[in-house]
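S.K.: What follows is the residue order along each chain.
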Amino acid sequence: MEFLRPATWREALAVKAAHPEAVPLAGGTDLMVEINFDRRRPEILLDLTRVPELRAWRAEPGAVRIGACVPYRTVIDRMAAELPALAQAARTVGSPQIRNRGTVAGNLGSASPAGDAHPALLAAGARVEVASARGTRTVPVEEFYLGPKRNALAPDELIHSVVVQRATGPQQFAKVGSRNAMVIAVCAVALALHPDTRTVRTAVGSAAPTPLRATGAEEFLTGVLAEGDHWATGRPPPPAAAARFAELVAAACSPIDDVRGSADYRRHAVRVLARRTLDRAWRARPRPTPEGAPA
Amino acid sequence: MTVEPTAAPAAEPVIERPAARTATAPGVVPPPSGLTQRGDTAPDTSGGVGESTQRPDGVLKVTGEFAYASDLWHRDMLWGHTLRSPHAHAEIRSLDVAEALAVPGVYAVLTHEDLPAATHYGLEFADQPVLAVDRVRYQGEAVALVAADHPETARRAAERVRVEYAPLPVVHDEASATAPDAPVLHPERDDHHAPFVPHPNVVHRQPVTSGDPEGAEALAEVVVRGEYTVGMQDQAFLGPESGLAVPAEDGGIDLYVATQWLHVDQRQLAPVLGLPPERVRLTLGGVGGAFGAREDLSMQAHACLLALRTGRPVKMVYNRQESFVGHVHRHPATLAYEHGATRDGQLVYVKGRIVLDGGAYASSSPAVVGNAASLGVGPYRVPHVAMEALALYTNNPPCGAMRGFGAVQACFAYETQMDRLAAALGMDPVELRQRNALAQGDLMPTGQPVDSPAPVAELLRRVRARPLPPEHPWEAVGAGGEPGVDPRELPGGLANSSQGEGIVRGVGYGVGIKNVGFSEGFDDYSTARVRLAAVAGEPVVTVHTAMAEVGQGGVTVHAQIARTELGVSQVSILPADTSVGSAGSTSASRQTYMTGGAVRNTCLAVRAELLRRGRERLGAAQPGWHEPGLRLRDGAVVTAGGARLASLVEVLGEDAIDLELEFRHRPTQPFDRETGQGFGHVQYSFCAHRAVVDVDVELGLVRVVELAAAQDVGRAINPRAVRGQIHGGSTQGLGLAVLEEILVGPDGTIRNPSFTDYLIPTILDVPPMPVDILELADEHAPYGLRGVGEAPTLSATPAIVAAIRQATGRALARVPVRPEHLTTGP
Numbered sequence: 001m002e003f004l005r006p007a008t009w010r011e012a013l014a015v016k017a018a019h020p021e022a023v024p025l026a027g028g029t030d031l032m033v034e035i036n037f038d039r040r041r042p043e044i045l046l047d048l049t050r051v052p053e054l055r056a057w058r059a060e061p062g063a064v065r066i067g068a069c070v071p072y073r074t075v076i077d078r079m080a081a082e083l084p085a086l087a088q089a090a091r092t093v094g095s096p097q098i099r100n101r102g103t104v105a106g107n108l109g110s111a112s113p114a115g116d117a118h119p120a121l122l123a124a125g126a127r128v129e130v131a132s133a134r135g136t137r138t139v140p141v142e143e144f145y146l147g148p149k150r151n152a153l154a155p156d157e158l159i160h161s162v163v164v165q166r167a168t169g170p171q172q173f174a175k176v177g178s179r180n181a182m183v184i185a186v187c188a189v190a191l192a193l194h195p196d197t198r199t200v201r202t203a204v205g206s207a208a209p210t211p212l213r214a215t216g217a218e219e220f221l222t223g224v225l226a227e228g229d230h231w232a233t234g235r236p237p238p239p240a241a242a243a244r245f246a247e248l249v250a251a252a253c254s255p256i257d258d259v260r261g262s263a264d265y266r267r268h269a270v271r272v273l274a275r276r277t278l279d280r281a282w283r284a285r286p287r288p289t290p291e292g293a294p295a
Numbered sequence: 001m002t003v004e005p006t007a008a009p010a011a012e013p014v015i016e017r018p019a020a021r022t023a024t025a026p027g028v029v030p031p032p033s034g035l036t037q038r039g040d041t042a043p044d045t046s047g048g049v050g051e052s053t054q055r056p057d058g059v060l061k062v063t064g065e066f067a068y069a070s071d072l073w074h075r076d077m078l079w080g081h082t083l084r085s086p087h088a089h090a091e092i093r094s095l096d097v098a099e100a101l102a103v104p105g106v107y108a109v110l111t112h113e114d115l116p117a118a119t120h121y122g123l124e125f126a127d128q129p130v131l132a133v134d135r136v137r138y139q140g141e142a143v144a145l146v147a148a149d150h151p152e153t154a155r156r157a158a159e160r161v162r163v164e165y166a167p168l169p170v171v172h173d174e175a176s177a178t179a180p181d182a183p184v185l186h187p188e189r190d191d192h193h194a195p196f197v198p199h200p201n202v203v204h205r206q207p208v209t210s211g212d213p214e215g216a217e218a219l220a221e222v223v224v225r226g227e228y229t230v231g232m233q234d235q236a237f238l239g240p241e242s243g244l245a246v247p248a249e250d251g252g253i254d255l256y257v258a259t260q261w262l263h264v265d266q267r268q269l270a271p272v273l274g275l276p277p278e279r280v281r282l283t284l285g286g287v288g289g290a291f292g293a294r295e296d297l298s299m300q301a302h303a304c305l306l307a308l309r310t311g312r313p314v315k316m317v318y319n320r321q322e323s324f325v326g327h328v329h330r331h332p333a334t335l336a337y338e339h340g341a342t343r344d345g346q347l348v349y350v351k352g353r354i355v356l357d358g359g360a361y362a363s364s365s366p367a368v369v370g371n372a373a374s375l376g377v378g379p380y381r382v383p384h385v386a387m388e389a390l391a392l393y394t395n396n397p398p399c400g401a402m403r404g405f406g407a408v409q410a411c412f413a414y415e416t417q418m419d420r421l422a423a424a425l426g427m428d429p430v431e432l433r434q435r436n437a438l439a440q441g442d443l444m445p446t447g448q449p450v451d452s453p454a455p456v457a458e459l460l461r462r463v464r465a466r467p468l469p470p471e472h473p474w475e476a477v478g479a480g481g482e483p484g485v486d487p488r489e490l491p492g493g494l495a496n497s498s499q500g501e502g503i504v505r506g507v508g509y510g511v512g513i514k515n516v517g518f519s520e521g522f523d524d525y526s527t528a529r530v531r532l533a534a535v536a537g538e539p540v541v542t543v544h545t546a547m548a549e550v551g552q553g554g555v556t557v558h559a560q561i562a563r564t565e566l567g568v569s570q571v572s573i574l575p576a577d578t579s580v581g582s583a584g585s586t587s588a589s590r591q592t593y594m595t596g597g598a599v600r601n602t603c604l605a606v607r608a609e610l611l612r613r614g615r616e617r618l619g620a621a622q623p624g625w626h627e628p629g630l631r632l633r634d635g636a637v638v639t640a641g642g643a644r645l646a647s648l649v650e651v652l653g654e655d656a657i658d659l660e661l662e663f664r665h666r667p668t669q670p671f672d673r674e675t676g677q678g679f680g681h682v683q684y685s686f687c688a689h690r691a692v693v694d695v696d697v698e699l700g701l702v703r704v705v706e707l708a709a710a711q712d713v714g715r716a717i718n719p720r721a722v723r724g725q726i727h728g729g730s731t732q733g734l735g736l737a738v739l740e741e742i743l744v745g746p747d748g749t750i751r752n753p754s755f756t757d758y759l760i761p762t763i764l765d766v767p768p769m770p771v772d773i774l775e776l777a778d779e780h781a782p783y784g785l786r787g788v789g790e791a792p793t794l795s796a797t798p799a800i801v802a803a804i805r806q807a808t809g810r811a812l813a814r815v816p817v818r819p820e821h822l823t824t825g826p
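Order-wise, the sequence lines are chains A and G.
If you're matching positions, the first sequence starts at 1 in the UniProt record's numbering and goes up one per residue.
If you're matching positions, the second sequence starts at 1 in the UniProt record's numbering and goes up one per residue.
Only chain A is shown next, with the shape it has when bound in the complex (with noise of 0.2 Å):
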């Protein structure tokens, strides 16, 4: 096994060009892992953690830029009010060692359906920035997962960043796991206000191929919300309206039967944890002015 470790992103790249088959290593809390238990074999690993600009973030209109190489500990430590759902998700990815190495990007690379990240960043809104020595180019995160474990880059690409919107309004993220703390998801549900664009969007992880947005839910609530007024009021959703897009986030799952949890349990709970994720966030609305805007 060819261990590499470029000093550059261009070199990075170069590298990734000249061996499509080299692995790139962030955080490696899902690569080693593979590789103790024999899973997988590389012949190259890439190691990614020496490029300095992958290792930042920073704030940009409207959103910010994660570096590829930035872990959990820093998204939650420095973005909880920018990014609230992400760095929630951030919070429940495995444990404090895992916290400090694992890295958003490395979830999206391995874009397993359980991965924490995803649900947020459909909800937030996002998109990719994968290059490859031919350039680079980017990819709303909807259309990054393409499978179990299959996502949008080419083989010569790498992800150089992601780039999440900040919140303009209150964001949830809740999973649900057997164990208190250190659990992959059974599955999880964010929900993101929008108050600017009078929208909600909502995503659901573990309980399909790929992580999704429920978007027959989001438009039945977004028109929910705006027949009733209630972005100008504050008034909450009627509880059958709530209830009816909890089924429908439900009713957009394809969830399997596995070792952490039955098909049945997992749209269950998807349900549950939509409900409850819609009323705290509309509960931690900011009260309406008297000219109907949010303060």
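Keep in mind the hints are simulated off the structure, nothing from the lab.
Any given hint could turn out to be false.
Estimated spans, in silico, between C-beta atoms of each pair [claimed, not checked]:
| no. | chain 1 | residue 1 | chain 2 | residue 2 | range |
| --- | --- | --- | --- | --- | --- |
| 1 | A | 21 | G | 762 | 28 to 38 Å |
| 2 | G | 477 | A | 287 | 19 to 29 Å |
| 3 | A | 52 | G | 91 | 53 to 63 Å |
| 4 | G | 134 | A | 263 | 37 to 47 Å |
| 5 | A | 97 | G | 501 | 26 to 36 Å |
| 6 | A | 150 | G | 223 | 16 to 26 Å |
| 7 | A | 19 | G | 762 | 34 to 44 Å |
| 8 | G | 134 | A | 33 | 31 to 41 Å |
| 9 | G | 117 | A | 19 | 32 to 42 Å |
| 10 | A | 36 | G | 96 | 41 to 51 Å |
| 11 | G | 181 | A | 259 | 26 to 36 Å |
| 12 | A | 2 | G | 91 | 38 to 48 Å |
These numbers were taken from a predicted model, which means no experiment stands behind them.
Every residue gets a Cβ at the ideal spot worked out from N, C-alpha and C, and that includes glycine.
The hints should help you fit chain G onto chain A, whose structure is shown.
M.R.: For chain G alone, coordinates are given in the frame of chain A:
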């Protein structure tokens, strides 16, 4: 009725004494600090029996410096690897190692054809092949061995061993094992149970009958029946199977290994290696937990065979996945019970049938059956009993010893029955238990009298009398004084699944009975060698036993006992090995009783010899030597009145006293094969729990809020270690209640062989565990002590599940309880 404590009151609160942090060689117990400035209340020599002295290995383990068996290294060593069967049941049609042998760096590839002597081994009887011959009976069975100069090379070479399997039908439960046309897994079996079993796929069956259970049915006014299931729990020790085998010049072998019983390994290894036992020398490596999983051989024979074949030291270390097939598990069980009682809550009869899945090989299944049958009604007085327990041979993973050993499965069922009976009677469940609680002087269903304290009702009283923990523990005050939520106090923890939504509290109780020591007539002795000598003008005691220190703290306790009995502060504990006699197994809650008893026993003989020498050498000049009641204290011999006669160094001179003696508990008897009658057990141990849980009833997530225990330990030799045992046992019981299960598919394969999906409790799952320790002496035992380690594992599980039932109203006849059991379905 209740039993009032007659001996010492509860040991809490215990005053912790800071112990010295002196640098010493591994295995040497540093003396506690302040030896020369003892307080007036200290016993004869501080650091003795009854004190919470510090573990010699505690700091090393916490700081990561402790050397485990997986850290063993020899500069010439090779790495061993095991090729295992992917099938649960298959015929081996052919086996070709040529390609594997040709891999550069490979020194040996062994199959059953290369075995030098005995081909089978086993704890109770030798039914397990060292390497599969023509058939594999479980997924993970060892088929071939490779030694290579690098672990990766060994693994790659093993992939090149060509094995042609022809899969056979899988036997996976009682119906498939005992069907008329069931494949017989061990057609050649000739063990001592074989002539008596109802089907050749039954390892052992033990009925226990007392009174007139059929006639008693008419006397019962209320009857409850239930069927229960216990999933397959793993011991989940953190240090995987590992050891280093070094070939010796005399043609023998030196094996350094993490195990639970050096001499039973030696007894099984010698015939397999074709060596006399004295040339199979074992030394204990650093053990990272055991809980029963190291009773059977794992890599021992394999590493030795490779070392003898190659003439090189061979190291083997299992990874976590291999570990899941590398040791036996707790028997999964199905249990059917019927309890009959009078309307005022007096038990009339109990009928029970316990079916244990023993998996492919016997391991310790027969003894587990004996426990399940004889302890199957629980710590209750029952006039009429018809119990039956049996273990099956199946193609599931082999099961054997795990903390609680057959008593855990029964306790979940009989305690659930007691709750259901209480509900049927409209009685308080604790009161029903107390009304029927076993007490000293009662008879067990085996006819064995309970001839030492059995404070079952008192233990229940104590856990119930504790104040309940506050409700809504997650409600916190935020930084700005606004109401906040502490997610660590909620079911789901930091996953944010609940911020208080859907939470219902429940409270439940459980109590259990466990035997201590090996039962049914087994000659269960321990050996201790104790040397007392003057070293650089100071008396020093050296204690040498073969006791496996697996984390229980035996090395701490041995030093305490030596200090108390010999009045010497400097005690060295030698590494455990087979150059001294057997210490028996570190299991069955027996080591403080048995090897602790052996250390005490030998110390007493050393003391007697010392006094004899003192009288001989100094008695003429000092009449005090002939007084009765001489004591050893602070390195000197003193009279009963406290007058100092001589220092130990003066008495000893240049001559050490060095004795090795065996120690035995009182003998037991086998159970009658038809009636189960017999004086089968050495001692009983009792623990009660009260569990308080918060359940997210919409998501089916559970947080145990508090798990309070009360246990009679006879005498707390080291109170802190006792509490540690109760905490650890309770935590494993919690794991069985809500988390831990090896999931085995219908094809006999394990579906979750990793700590990603076999979930053990984390710090956020483990609640505060207040412990109430009773010390009611058992006059048959050294210091009156009672084995501690297992009883708390029993009652924690049913107490937690009872609490979940109260919160959810669900029947919950199976453990572990999973979220879907609380939310979906009936």
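S.K.: For each hint, tell me whether it holds in the structure or not.
M.R.: To see whether the hints hold, each was checked on the structure:
Residue 21(A) and residue 762(G) have their C-beta atoms about 37 Å apart, which keeps the hinted 28 to 38 Å range intact. Between residue 477(G) and residue 287(A) the Cβ separation comes to about 22 Å, which falls inside the hinted range of 19 to 29 Å. At roughly 60 Å, the beta-carbon separation of residue 52(A) and residue 91(G) lies within the given 53 to 63 Å, and the hint holds. Taking 37 to 47 Å as the suggested C-beta distance range, the pair residue 134(G) and residue 263(A) conforms, at roughly 41 Å.
Taken as a hint, the range 26 to 36 Å holds for the pair residue 97(A) and residue 501(G), whose Cβ atoms sit roughly 31 Å apart. Taking 16 to 26 Å as the suggested C-beta distance range, the pair residue 150(A) and residue 223(G) does not conform, at roughly 58 Å. The hinted window of 34 to 44 Å between residue 19(A) and residue 762(G) holds, with their beta carbons roughly 39 Å apart. At roughly 36 Å, the beta-carbon separation of residue 134(G) and residue 33(A) lies within the given 31 to 41 Å, and the hint holds.
The beta-carbon spacing between residue 117(G) and residue 19(A), approximately 52 Å, falls outside the hinted interval of 32 to 42 Å. For residue 36(A) and residue 96(G), the Cβ-Cβ distance of about 29 Å falls outside the hinted range of 41 to 51 Å, so the restraint is violated. Taking the beta carbon of each, residue 181(G) and residue 259(A) are about 32 Å apart, inside 26 to 36 Å as hinted. Look at residue 2(A) against residue 91(G): about 42 Å separates their beta carbons, and that is inside 38 to 48 Å.
The structure is inconsistent with the numbered hints 6, 9, 10, although it conforms to all the rest.
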